[in-house]
Amino acid sequence: MHTELNAETLNLNLKHKIKKDTGEDIMLCYQCGKCTAGCPLNDEMDISPNQLLRMLQTEIPDLEEKVLKSSTIWLCLSCETCFSRCPKEVDLPKIMDYLRSESMRQNSVNKKASDIVAFHRSFLSTVKSVGRLYEIGLIAGYKARTFHLLQDVNVAPTMLLNGKLKIKPPLIKNRSEIAKIFDRIKELEEKEK
Amino acid sequence: MKIGFYPGCSLEGTAREYNESLKEISKVFKIELEEIIDWNCCGATAAHSLNKDLALALPARSLALAEKQGFNEIVVPCAACYSRLFTAYSELNSEPEKLEKIKEIIQIDFKVTSKPINVLEFINKYIKPDLKDKIKNKINLNIACYYGCLLVRPPKLLAVERYEDPMIMEEIIKITGAKPLDWAFKTECCGAGLSVSKTDVVNKLSGKIIDDAINRKADIIIVACPMCQSNLDMRRKSINTYLNKKLDIPVLFITQLIGKALGLDSNKLGLQRHFVKVSPELFMQKGISSDSVSNKIGVEV
Amino acid sequence: MSDFEPKIIAFVCNWCTYAGADLAGTSRIKYAHNIRIVRFPCTGRIDFMLLLKAFQSGADGIIVSGCHPADCHYTAGNYHARRRWIVFQNLLNFLGIDTRRITFSWVSAAEGAKWGHLVNEVVDNIKKIGPYTEYAKLGKIGIGSISEGNYARIE
Amino acid sequence: MSRIGVFVCHCGENIGATVDCAEVAKMAKDFPGVAFSIDYKYMCSDPGQTLIKEAIKEHNLTGVVVAACSPRMHEPTFRKVAAEAGLNPYLCEMANLREHCSWVHYKDKSTTLKAAELVRMLVEKVKLNTPLYPIKVPVTKTALVIGGGIAGIQTALDIANSGHKVIMVEKSPSIGGHMSQLSETFPTLDCSQCILTPRMVEVAQHPNITLYTYAELESLDGFIGNFKATIKLKAKSVDHSVCNGCGECSAKCPIKKIPDEFNAGLGTRPAIYVPFPQAVPNKPVIDRDNCTYFRKNGKCGLCEKICPTKAIDFSQKDEFITVDVGAVVVTTGFDIKGTDFFPEYGYGKYKDIITGLQFERLASASGPTLGEIRRPSDGKIPQNIVFISCAGSRDPAKGIDYCSKICCMYLAKHAMLYKHKVHSGKASVFYMDIRAGGKTYEEFVRRAIEEDEVNYVRGRVSRIYEKDGKLIVKGVDTLLNSYPVEIEADMVVLGTAGIANPESESLAQKLHISYDQYHFFAEAHPKLRPVETNTAGIMLAGACQFPKDIPDSVSQASGAASKVSALFSQNELTRDPLIAFVNKNTCVGCFMCQSVCPYLAIEKEKIKAKDGSVIREVAKINPGLCQGCGTCVALCRSKSIDINGYSHKQVYAEVMSLFNERSLEYV
Amino acid sequence: MQELNNKIAELLTNNLVSIFISYKKGLNGKIKPAFFTKPNEVYENYFGDEAQQNLAVYVHKPEVKKYSKVGILANIFALKALLQLYAENQIKDNYLTIVTVNQDNKVIVFADFNEIESYIAQHQIEKNTNKQKEINELLSLSREKRWEFWVEQLSSCIKCYACRAICPMCYCSKCTVELNQPQWISVPAHSLGNFEWHIMRMMHLACRCINCQECSRVCPMNIPLHLLTTKINSDMEEEFGQIAGMKTTLDFALNTFKVDDYENFIR
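Chains as they are written, first to last, in the numbering used here: chain S, 1 to 193; chain B, 1 to 301; chain U, 1 to 155; chain E, 1 to 667; chain H, 1 to 267.
These aren't lab readings, by the way, just hints derived from the structure by calculation. Don't be surprised by glycine CBs; every beta carbon is placed ideally from N, CA and C. Any given hint could be a false lead.
Within a straight-line C-alpha distance of at most 25 angstroms, the following computed DMTMM-like cross-link-like pairs (lysine to aspartate or glutamate) qualify [to be verified]:
(1) Lys106(H) / Glu10(H)
(2) Lys52(B) / Glu89(S)
(3) Lys305(E) / Asp324(E)
(4) Lys94(S) / Glu97(B)
(5) Lys349(E) / Asp165(B)
Here chain H is said to cover these stretches of chain U; the calculated rule only asks that three of the stretch's residues, wherever they fall, bring their Cβ under 8 angstroms from a Cβ of chain H [what the hints assert, rightly or not]:
(6) 41-52
(7) 76-85
(8) 89-96
(9) 101-109
Example chain H residues on the side facing chain E (calculated, C-beta under 10 angstroms, incomplete) [what the hints assert, rightly or not]:
(10) Glu88
(11) Tyr171
(12) Cys172
(13) Lys174
(14) Leu250
(15) Asp251
(16) Phe252
Let the sequences and hints guide you as you build the complete structure.
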């Protein structure tokens, strides 16, 4: 009889988890490096995109851990340049999305990326409470989380002057609905665990 | 004619002039942009960076609300919102299981029939056909059309023609008399999502873009994305500091440019709101060669 | 599931699917044993009446398979067959005959794995649907109904 | 009454390990009509064959079922055995117990039961088999070679030299193909034209070769040994029997700006032209699409006025000739992708991004720059040149999946040639893998790297854009931790993918041969029959089957030629008689069968009364043309057409033998 | 009517035809086919709305075939049938003289089949929406219900083959149903054989049937055969854009194909 691989019984490697969760096949990559060559942030990244894929291909736990702890996954802008040029049509941005959430789940977020995570978090908490983005709230929350208190003080006055910042938050009517969406997703996640 | 409208958060704040100019030019063509009642944030990069369900659920709610209001199409001027909304639209359309899950999460039953369109598609379909007849003020400028990432990528999803060298903005602005330039950075990334958290990255990426546009003798850069605009415009001072240069080229939304060509008032189009000042002489018709214009722009940054 | 073992008959062309099934063999691809293959020179040769006869003789499912479009050894036999199947399927469906039991496919000489998958899929599917008795039972309805097994034989 | 013998083969362990062969043989004994049944370890071995022969004689068998491997494997073997025992070979059938049973199932009762059922199915069939006799057809000993590139030239010369006639058809005005466009050839760097042109001349002068240039195959009917080919001779508008090839007309033709095919679009040519100075035949044709005389209703006509031999003939029409040939060799070559399909390399808008073939022309002494490497945009000599391999190859997203095989080598050659011509220049090659398998190929590439210091960078180029007259090539060196490499190049050469000829699909349909998903013609077997097609009598050679270099094309050409010669060594061919036939008595003559027959094998036959008056018309199948697909058999409403080997009775018996109520009980 | 009678008489008198197939009123008042061989019989000729039978079927009956030149009064269905028969090589040139009466009661004698082709093109038969509705209703049922419906309908078939006898397109000299080597169609009148018979007949009529529905009319057991013919006709039109009896050339759905015929059902 043909036995099927069972995710529950097998301790899956990261690349298998990615395949299962996103449908993206890491093994398609043949290391041409085109993704890296086109990546606007390659200079900043600690692991270049093609090497990141190679590390996942190997299934070596140490390398997988390095990937999850890398700054690369947080620096990826999802500009989709790599995906649009990839000869093997590997959807790297999608894989990056997965790696980010996996990195958070395993508490392996790169220290240098904490600013970015903090920004994302405060962004979402603004959305959760307001329903829409509220720049002053966002920036204030972000700065409280990162202690970058003086960043952007130079643009804020001009923004206000040009009418680009709203002082009052743009509340939506059914804010509770949005909060509920966040809650249900959290519930779902916990169930899946 | 009425059409659904999802302004997105930035058009309420940092990109107010985009909102104002889009509405102004739509008025000229007797198109009413009707806002989706009680729309919410699309979740942007933050949502899909952290949670894929959230990245679908947030845009899905707005899509569902639009459907309830009976819109077949929703204009989504912000390229980032458009990308999120369109991704949700096509994923939910092609994967019924996902749709079921999302309906459960947002607690709204819907069929995903309201299609998000971006501002270029909107202009191309509803404004471009009659644009020629309504031009009052020929634009005599060299223009670098900047697309950024999310209006053209991923090409598989968006099905954009010539995604590495798109021509849709160029075709539109040619009608206003403007001269589109062939340049190298029209689809390079400006650094968008890292605008606040990694300012230096933005300085570098956006700096390259502005530099190339100026090198090729562009008078202005036009964009169709509030993120690109804010990176190229609002961040100009720190870009200049980073590059140790004084780059003074204004960055306009395509809607503002069309507005000027239609003879609309600069203030109504929000041109006063820019960080890099847009000189009123820029749009004067007579006696200005494109070279002299760029010298005359008064920039205070 | 019960221990129902469906009877599947496959009408295949010699050049593509028969060879594809050979390849499945040489590649040692394992699939369900319920399949019996009848060889034809080309899908163009497969008479629709044979499909009815297969149901009559007790087949629970039928696979008809040949070369992919443009690959026919005889250039166009598969195109003719495709049309015949379109007409035939529509007609059977209109008459209420269970067309889920007939699977049409293109399996090339290089698609041994596809053949294995196809057989397994069809067997699984027919196991779900259950035995096909209603067509063969027709022999017991009407004025001249026949007793079991007493079909006309030729020799 | 049938007396069938069943011979169950264990095939060593191959069948025996999974199927209980002895049990199958035992069950078979009880099948109606079976007179003898036995199992044996290796039925195809000499003792096995003897066993069958003796049983046929001893038990007076009227039919044989060998239950062993696939009939596609050993049917000829066992039919021969039957014939040697005095039984008509077509009274032997095979049950496929190996490929269709033992190899694909696990050891189980059900597997043995299936084996027995397969045997019974074939027993039921073989009872209805009838003795058949092979069909004999004569062989026309002339070969048709389609395409006059190096593969076609080699094939034609080999066949002609073995004493048979050859007709060569070439669609362009000269033979020579892509090889005539090349500068030097790897790995020896000898001049392409120097080695090719003597062969071209030989073709033109060979007494056994008839050459038709500016001609195309219109249609092909018939079958191996007996094809009828219709060839379209396009109007040349020049009477070649009169023309002396002086070239006055080309020199004076007022239309001069037509992109030159021979120079891959880098140069121009007039409307009346000889493709290149060494062309064979070295006489011009008029390109009517671009000629003023034809485009503007007889205006111009300058060439006619100045031609010293009065060879210009505007009134010429396309001509069609029909020739009888016994074999066809297809040598139509390949094509390359242009530079316009790479979005990230500018959609072809940059003039200085060229294809490998264009570089060949730049490097060739007969090319538009007389062999100097000058870039197309401004004619400057590039000081920094970049070569990109796998441009479209190995690129499932935008190009083709496969490796085009020749690019690694020719790009190394290009880089080398460039370095030899521009000593101060810098050459870089972006590659993913260097595929240099071949005699002295690896050494050649190493020479480029070691002696000529070509800069090989491992990585695909992400983007090329133009800035201040330079082409900015952006890549990374994946061997240097993905270190960014940005080259300001003056010219970029793309090793664009080798692809099938755009006309290959329509040609395949005319020839009734198959092609693969990339439209390359399909060989009959990838390993064992690489030069034949699935249609008997039609062979392949050269890059029409897959991109290949000159040595490979030439060897395949000689292979195809020897296949043709072997065929022509016989006066008669025998064919399997598994063909269709018509029952005249019941045919009503609706002739629908005629329209489904792909071989035009169905004719109208008049049934006449004694007085000679026609009573009715019925269908008649030409046994020489019928290939036995049976499409007509299934279409005929009154079942007036039947087919040997797969007759109505036989397939009916097979189907009805399965699953019937008297199904086997396994004991 | 008089014009028509005159025409028939004229054809017979001038020996342009040796037999003319038309209609007459029977003793019970029912309209039935008439075979005139002499001008003085023509007074019996009848033509009107009740004259519906498709006379084309008689063209290939041996009794008619023995005459060298045959005339026939053809309504629109008969015209379509004759055209289809011509395409199928069943009517020799100069054998038939075909007469019809158009909507303005004008008598038309066709010179050749090309004229018939253009006449038919101008006189499209309107689709019977009621029948299409019946079919759609059947199709909207579950498969099991449809099966029950047809089992009930076809179980009453007595294999009298009236449907075959009346059909202008059933002209095979040896029908498959009469073959017993092998026995394609089970002989006894049980439902299995009935299904086989009707499925086979429909497959053989696909894109040949001109949907005159004579088979349904003559069925003594009132089996709704018109549902099958109408369905197969509309299928042919939808799937392949082909309608039988429209062309002089043989273009039958199953002897042609398009490379891009749909194949979403093929795996």
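Quick rundown of the hints versus the structure:
1. Our distance criterion of 25 angstroms between C-alpha atoms is met by Lys106(H) and Glu10(H), whose separation comes to about 16 angstroms.
2. Straight-line distance between C-alpha atoms of Lys52(B) and Glu89(S) comes to about 20 angstroms, which keeps the hinted pair within the 25 angstroms bound.
3. For a cut-off of 25 angstroms, the pair hint linking Lys305(E) to Asp324(E) is broken: about 40 angstroms separates their Cα positions.
4. This hinted pair checks out: Lys94(S) and Glu97(B) have alpha carbons roughly 19 angstroms apart, not beyond 25 angstroms.
5. For the hint pairing Lys349(E) with Asp165(B), the CA-to-CA distance comes to about 10 angstroms; that is within 25 angstroms, so the pair holds.
6. With 3 residues carrying a beta carbon less than 8 angstroms from a beta carbon of chain H, the region 41-52 of chain U meets the three-residue requirement, and the given coverage holds.
7. Check on the region 76-85 of chain U: 7 of its residues sit with their Cβ under 8 angstroms from a Cβ of chain H, so the three-residue criterion for coverage holds.
8. Given as covered by chain H, the region 89-96 of chain U passes the check, having 8 residues with a CB less than 8 angstroms from a CB of that chain where 3 are the minimum.
9. For the region 101-109 of chain U, the assignment as covered by chain H holds, since 4 residues bring a beta-carbon within under 8 angstroms of that chain's beta-carbons and 3 suffice.
10. A distance limit of 10 angstroms between C-beta atoms decides the matter here; for Glu88(H) the minimum to chain E is near 4 angstroms, and the interface restraint holds.
11. Nearest Cβ of chain E to the Cβ of Tyr171(H): about 6 angstroms, under the 10 angstroms cut. The hint holds.
12. A distance limit of 10 angstroms between C-beta atoms decides the matter here; for Cys172(H) the minimum to chain E is near 4 angstroms, and the interface restraint holds.
13. Hint status for Lys174(H) relative to chain E: holds, with the closest Cβ pair at about 4 angstroms, below 10 angstroms.
14. Below 10 angstroms, beta-carbon pairs count as interface contacts, and Leu250(H) has one with chain E at about 6 angstroms; its hint therefore holds.
15. With a least beta-carbon distance of about 9 angstroms to chain E, the hint placing Asp251(H) at the interface is held under the 10 angstroms criterion.
16. For Phe252(H), the interface hint holds, the least distance from its beta-carbon to any beta-carbon of chain E being 6 angstroms, beneath 10 angstroms.
Of the numbered hints listed earlier, the single one contradicted by the structure is hint 3.
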